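Position chain B relative to chain A; hints supplied.
Each chain, written out:
Protein chains: 2
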Amino acid sequence: MVEPRPTLRAMAKAPVLTPRADDFPRWYQDLVGKAELADNGPVRGTMVVRPYGYGLWERMQQEVDARIKAAGAQNAYFPLFIPQSYLTKEAEHVEGFAPELAVVTHGGGKELEEPVVVRPTSETIVNDYFSKWVQSYRDLPLLINQWANVVRWELRPRVFLRTTEFLWQEGHTAHATYEDARDYASRIHQEVYADFLQNVLAMDVVPGRKTARERFAGAINTLTLEGMMGDGKALQLTTSHELGQNFAKAFETRYLSKDGREEYVWQTSWGSTTRMVGALVMMHGDDDGLRVPPRLAPVQVVVVAVKGDDAVLDTVRGIGDRLKTAGVRVHVDDRTDTPFGRRAVDWELKGVPVRIEVGPRDVESGTAVLVRRVTGTKEPTPIGALSEILPTVLEDDQALLLAQSRERRTDRTVEVTTVEEAAEAASTGWARIAWETLGVEGEAILAEQGVTVRCLVAADGSVPESDDQPGNIAVVARAY
Amino acid sequence: MVEPRPTLRAMAKAPVLTPRADDFPRWYQDLVGKAELADNGPVRGTMVVRPYGYGLWERMQQEVDARIKAAGAQNAYFPLFIPQSYLTKEAEHVEGFAPELAVVTHGGGKELEEPVVVRPTSETIVNDYFSKWVQSYRDLPLLINQWANVVRWELRPRVFLRTTEFLWQEGHTAHATYEDARDYASRIHQEVYADFLQNVLAMDVVPGRKTARERFAGAINTLTLEGMMGDGKALQLTTSHELGQNFAKAFETRYLSKDGREEYVWQTSWGSTTRMVGALVMMHGDDDGLRVPPRLAPVQVVVVAVKGDDAVLDTVRGIGDRLKTAGVRVHVDDRTDTPFGRRAVDWELKGVPVRIEVGPRDVESGTAVLVRRVTGTKEPTPIGALSEILPTVLEDDQALLLAQSRERRTDRTVEVTTVEEAAEAASTGWARIAWETLGVEGEAILAEQGVTVRCLVAADGSVPESDDQPGNIAVVARAY
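The listed protein sequences correspond, in order, to chains A and B.
Whatever position you read off the first sequence (first residue = 1), add 72 for the numbering used here.
Whatever position you read off the second sequence (first residue = 1), add 72 for the numbering used here.
With the rest of the complex left out, here is chain A (with noise of 0.2 Å):
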């Protein structure tokens, strides 16, 4: 006799995750547990990423990097530790880090003459080196960029989004002029970042720039694209700074113009970190588990043998060797000894776009069931057609996300009038309202009850080239 095949529902007696709709922070929490993303480490704040969370973030790394060696920038690497007195040579900028720092006071088994922080952000060390390597306007621009760890002890951490050690990419460039600077600093924020986030990770975001209070400590002006997470929130992807000549004139880093004069540089500052993990779970994720783009997937089709038979085994990875010949990231799932309704559930919560389940019925009609994680349908699929169909499949599914994200945006935002209307509006979704009328006071009003601007946009939603440009909005949300 035949066994009918279990369905994911019959299987789950009780729901793998907290709902969303119950406690959505909670729902974060076990997601991120049961997918195999990440552990909470032992000292307070830190994370374990797992080797399926690490995988999400080893993507999002090629991505990036291939992005940002196409716009010039090369890679290097400057020391973790920072000797304490370079932190204070930029006013805003010690003032802005100074309560986040980790400071070695013991090393060798001595306690040091100076101590050293363990960077929050290398902008102090890194102008320590500009300032020996620029000498000449032929050393511009400068365009260097660093995967790292970086510390920031966080009161309230949670996982992916804010914890004390995260990673990260932060770019560091030098220019002859204002102009240039600028221009670079905008080309990052378009051309890897917001291309990235919105064509790989399939996330609508809304460029725009920081207000004065929310700009980072030490630049004259931060570009940063905003996400709206599956709760309404706001999550701050990525920030790309304009740094003036601050930390120049901090460092002492100058060149030598054209014209023979001392000048000092003009630079930028850029960053992604992990924290794109966690807006990945919370901008796709559903009640089922995580939804990973096809795009950023590091496994994009699951074959799913439904049982151990030699003709299954055999078939999954025929099938496995097809898609792999034709471009396709897949894993072959033969582990036969676990039951295949617990592999599917595993396989929903990991958020793989596409699962191929072949059982001995199967083998023999020559087909397989297709089942699309995103839209959660099921087709029975004749296996020769598997190679042809699949890479349309994942690009629907790739457009589906960046729909449905663009969607919830558009249906949760809100055009509001006065202060009050925003802070209500920032209870369900985001609110955009005329900063004109906002202004620096009605910021002030909202932020105690903690309410932000996430940035300023024009109003034909281009990013303002100031605050206080006439037409320009603010989108006002609470946020991670």
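Any given hint could be a false lead.
One copy or two, it doesn't matter: identical chains are merged, so the pair holds either way.
Claimed, not checked - Below are the EDC-like pairs computed for lysine to aspartate or glutamate, each with C-alpha atoms no more than 20 Å apart in a straight line:
1. K182 - E226
2. K396 - E167
3. K450 - E460
4. K141 - E130
5. K305 - D276
6. K182 - E172
7. K141 - D382
8. K204 - D102
9. K450 - E186
10. K161 - D386
11. K141 - D406
12. K141 - D393
13. K330 - D409
Honestly, the hints are just simulated from the structure, not real lab data.
Note that this is a predicted model, so its numbers are computed, not measured.
Showing chain B alone in chain A's frame:
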């Protein structure tokens, strides 16, 4: 009038680097600085890896990472900060690492209740999680790798070779049986490290087993690959450890076996570091600079415009495009505002395997000068033939570097029969002496003179299964 093209010899009034024969350590420092590989960091013992040096490391990472993944391990990330109490759980481990620790005592503006150490290596924190993740034999083997920075306070730092902070990969695995762990350590040693060092870095290396004295703190066996540097000294390139059940017992890392018993896992760990960049310099460098093996080189071929004529620039760009299409990693040097001679010296210093020089006369004659870094030869070559010729040239030079490395080691290794002869031989190269003759007493006598047993090898060149396996030979040398 056509000016004669300046030659390198004519340009170089004084040697660019201190000659190796005069002062090898100073030559090394000169080269690392002038080839723009790295600078010393502001905190003693740290380093800034500059873009060209980091480019070498990135290529090493790519090649090692691909081999690690082929051996079935997955990347993950464990925290930088480890509670101090973890280190003390494995007795030999803490004894080995305690003198080198950097300790964070303050975080977020407060003194910490328990100080945390900056990881010197991750066996302890990894085991804390392995003990949670491993339940049954089904979870084994568990094969994890991480790319990370580690800190070991160095009293006598030397850039790349011995730095307070360095970059590395560290693999950590858990297995059901002693045999499985032993075989996996051996597999990594051979298929990842020996294969990479010989076939990519073109380094002749001696595989062997560390004596009890030289083993990793906490291991029951350490496999090593030792290379002979340009001055005859030895450098340990990679190590692969069998950890037995030492950490498993300290951290209660147990699994339920097939027959229902609780068993401790058997473990391995293994690493390779930015030290390999230093080894590359000392293994292949000459008095003109670095010589990068073509299979590693981030830039295999540089196409240099001698002058800024339009015809020359068109030609070099055309050559660049065609070589790129042919799969060569190529860079076009069209910075003709810098004198040709200075650029040529710079490419020699950086050790780019092949330089193709194109001047106005070359464009007319349809030839270019092909300069090989390894052989030093300069040959006029038809431009149309470059794409066809170059892959062979690159492979020849790769093989030549490996042959030179092997020849040096063979020439400078002597067979000896007494401890005195071994010490004497170590002043210029390596000695091989029967381990039965040397023994732990002889090893201690040599150690007093700064000479160490780099490894034990079996009579047939294989890696011995124990220190006292009959016929073992000790390879003895001074080492970095």
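Checklist entry - When no copy is named, should K141 and D406 be tagged within, between, both, or neither for a Cα gap of at most 20 Å? => result Cα proximity of K141 and D406: across copies only (19 Å, versus 39 Å in one copy).
Checklist entry - Quick one: K396 to E167, C-alpha cut-off 20 Å, is that within a copy, between copies, both, or neither? => result neither (52 Å within a copy, 49 Å between copies)
Item to check | Alpha-carbon proximity between K141 and D382, which holds within one copy, between copies, both or neither at 20 Å | outcome: Neither way: K141 and D382 sit 47 Å apart in one copy and 27 Å across, limit 20 Å.
Checklist entry - Is it within, between, both or neither when you check K204 against D102 at 20 Å Cα-Cα? => result between (49 Å within a copy, 17 Å between copies)
Checklist entry - How would you classify K182 and E172 at a CA-CA limit of 20 Å: within, between, both, or neither? => result Between copies, since 10 Å is at most 20 Å while 24 Å is not.
Next on the checklist: With identical chains, the pair K450 and E186 could be close in the same copy or across copies; at 20 Å between alpha carbons, which is it: within, between, both, or neither?
Outcome noted: For K450 and E186, the Cα distance exceeds 20 Å both inside one copy (63 Å) and across copies (53 Å).
Next on the checklist: Within a copy, between copies, both or neither: which one fits K141 and D393 at a CA-CA cutoff of 20 Å?
Outcome noted: between (32 Å within a copy, 18 Å between copies)
Checklist entry - Using 20 Å as the alpha-carbon threshold, which applies to K305 and D276: within, between, both, or neither? => result within (14 Å within a copy, 58 Å between copies)
Item to check | Up to 20 Å CA-CA - E460 versus K450, copy category | outcome: within (18 Å within a copy, 52 Å between copies)
Checklist entry - Is it within, between, both or neither when you check K141 against E130 at 20 Å Cα-Cα? => result both (16 Å within a copy, 13 Å between copies)
Checklist entry - Is it within, between, both, or neither for K330 and D409, if the alpha carbons may be no more than 20 Å apart? => result between (71 Å within a copy, 12 Å between copies)
Item to check | Status of E226 relative to K182 across identical chains (alpha carbons, at most 20 Å) | outcome: between (28 Å within a copy, 12 Å between copies)
Hints 2, 7, 9 and 10 from the list above are not met by this structure, while the remaining hints are.
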